[in-house]
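Novice: Numbering (my numbering), first residue to last: -1 to 65.
Please note that the accuracy of each hint is not assured.
[What the hints assert, rightly or not] Simulated pairs of lysine-lysine, DSS-like, Cα-Cα distance not exceeding 27 Å:
#1 K7 x K35
#2 K63 x K7
#3 K6 x K38
#4 K6 x K35
#5 K7 x K38
#6 K17 x K6
#7 K17 x K7
#8 K17 x K35
I should point out that these hints are in silico values taken from the structure, not numbers from a laboratory.
These numbers were taken from a predicted model, which means no experiment stands behind them.
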Amino acid sequence: MNIAESIKKKREEYDLDQKELAQRAGISTSLMCAIEKGYKYPSLLATIAMADALHCSLDELLGRKVG
């Protein structure tokens, strides 16, 4: 699973639309859309903000299994 798919899956688990997650993470809705379509990669700060908004770790958000 790539970063775009992981972010979308986690966002949908919390029943948020792109606009809501973008607002919570402090990024534009158009950037959120581009990230989920795989056109752009989020900055580290934006990724941290999304993880915080989704109440998960960066590893979880990125679909990374640890251990």
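Novice: Does each hint hold? Answer for all of them.
Specialist: Results of checking the hints against the structure:
1. K7 x K35: holds (12 Å)
2. K63 x K7: It holds: about 15 Å lies between the C-alpha atoms, which stays within 27 Å.
3. K6 x K38: Answer holds: K6 to K38 is near 14 Å, not above 27 Å.
4. K6 x K35: holds (9 Å)
5. K7 x K38: Given pair K7, K38 holds - Cα atoms ~17 Å apart, limit 27 Å.
6. K17 x K6: holds (12 Å)
7. K17 x K7: holds (15 Å)
8. K17 x K35: holds (14 Å)
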